[in-house]
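The lines below spell out each chain.
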Amino acid sequence: MIREFTLNHVWFILAGAGWTILLTAIALFFGSILGLVLAILRQSPNAILRVAAGSLVRIFQGVPLVVVIFMIYFGIAGGGLNVSPLMACSIGLSLFAGAFLGEIWRGAIQAIPAQQWEAADALGFTALERLRYAILPQAIRLSMPATIGFIVQLVKGTSVASMVGYVELMRAGQVVNGSTFDSFTVFGLVALIYLAINLPLSFLSKRIEQVKL
Amino acid sequence: MSLIEIDHLSKSYGAHQVIKDVSLSVEAGEVLAVIGRSGSGKSTLLRCLNGLEQINGGALRIDGRAVTYDKRALRQLRKRVAMVFQSYNLFPHMSAQDNVALAPRIVGKLERKASLDIAHEMLGRVGLSDKHDAYPRDLSGGQQQRVAIARALAVRPEILLLDEVTAALDPELVGEVLKVLGDLASEGLTMVLVTHEIAFARKAASRVAFMHEGRVHEIGPAQDVIGNPQTPELQRFLASVIA
Ligand SMILES: Nc1ncnc2c1ncn2[C@@H]1O[C@H](COP(=O)(O)OP(=O)(O)O)[C@@H](O)[C@H]1O
Ligand SMILES: [Mg+2]
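The listed protein sequences derive, respectively, from chains W and C.
As numbered in the numbering used here, residues 1 to 213 make up the first sequence, in order.
As numbered in the numbering used here, residues 1001 to 1243 make up the second sequence, in order.
Honestly, the hints are just simulated from the structure, not real lab data.
Glycine residues also receive a C-beta, built at the ideal position from the N, C-alpha and C atoms.
Treat the hints with care, as some may be off.
[As the list claims (entries may be wrong)] Between beta-carbon pairs, the in silico distance windows are:
| hint | chain 1 | residue 1 | chain 2 | residue 2 | range |
| --- | --- | --- | --- | --- | --- |
| 1 | C | SER1025 | W | THR126 | 24 to 34 Å |
| 2 | C | ARG1137 | W | ALA47 | 51 to 61 Å |
| 3 | C | LYS1020 | W | ARG58 | 37 to 47 Å |
| 4 | C | TYR1013 | W | THR126 | 17 to 27 Å |
| 5 | C | ALA1028 | W | GLN115 | 49 to 59 Å |
| 6 | W | VAL51 | C | LYS1113 | 42 to 52 Å |
| 7 | C | ASP1117 | W | ALA114 | 30 to 40 Å |
| 8 | W | PRO64 | C | ASN1056 | 46 to 56 Å |
For reference, chain W alone in the conformation it holds in the complex (with noise of 0.2 Å):
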């Protein structure tokens, strides 16, 4: 039976936006917690940490998202442990966004001149102050618009989360229109909401590269 679109079916696409929010915004907690400890561990003086820090970005840079979500859904699963789909897809992305923003966060913590470095060793810093005082405030103000950008990404990225049931806003539009079939609306409007959450992200991204140091 094929049903009318109706406000109730906005109402559950806009529901799916919310737990894409989520999604995002659960992937860049964690992803930023490991992204923070891969950045620094590129830098050590320790080359197994480095190595191993610098693999694991290679990894799940290089592995599409999908494989990824569905190894730990399905391999997990199998592996006779539950797995909820919300579960599989938080670890994923967390992943996911770990390697691709210790990738950035490297890049901008390398790009702080040597000189920055120096004046924190003169005054006595501890490798450690001297890159939470030092070092980082700079590289993460210097690696703002890569990582919006990459939140963008991101955002986008949660959508293959859809493809292990998780009923966010691409699943929604999916559910949605096998029961209206008006592909053109629904997706017109999951495309809006994907655009709606994004664009303020890229006009901050702007903004942020107008502000000098």
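On the provided structure of chain W, position chain C with the ligands as indicated by the hints.
For chain C with the ligands alone, kept in the frame of chain W given last:
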């Protein structure tokens, strides 16, 4: 016992020996100016004194204690031996007072309030009491360098190292920085300063060392070394910088 004792010091980068068997000492309250051509090893010698570079041979003692390179020793060393760089190297994301207060707070473990009091005191000493909240980008080169001097003084070091601190400045800004250094010298702060300001070295330094190809080629009272150079190398160098 001298405050700084440099004893047959050598330093190499790979196969390239940059400091060759340098021995000299600096007494407390003394100002030693180090002059010499670019590449003669002045910066390297200075950087050895606060452990930014590790020495390869000889010995280096500050206040009788040999310089070592474990974390804790380096932190102690850098509280006693502060450094100011040619390019100021202020932290661009912090105001002048935060730049100066940072080391007292982090390294000196003071409360924020106490560290700011020190910052205000030090900014006053360099004549920048009206610039507490200014960011480095809003300050002239001369003002930035004075903030950098205040930052170095904020840990109350016994020795201040200065590496061509006026070399990056527009000529009309050099004077304000030299004045601060002159004041510090007359207050009795021990300083080792690498400089191309020969007239200033002659006036403010107690002694001058002329470095040439990694060695201290001449050293003595400022008046003698600059006024009456003994070797053709120093004569040529002075002729080239004064001309
Ligand atoms: N980090 C470094 N690695 C390799 N060579 C260096 C390094 N720093 C300085 N040098 C070399 O050491 C020599 C002395 O340099 P420096 O101490 O900076 O001289 P100065 O300050 O008198 O100009 C130069 O030949 C320079 O190229
Ligand atoms: Mg130099």
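Report the numbers of all earlier hints that the structure fails to satisfy, in ascending order.
2 and 5
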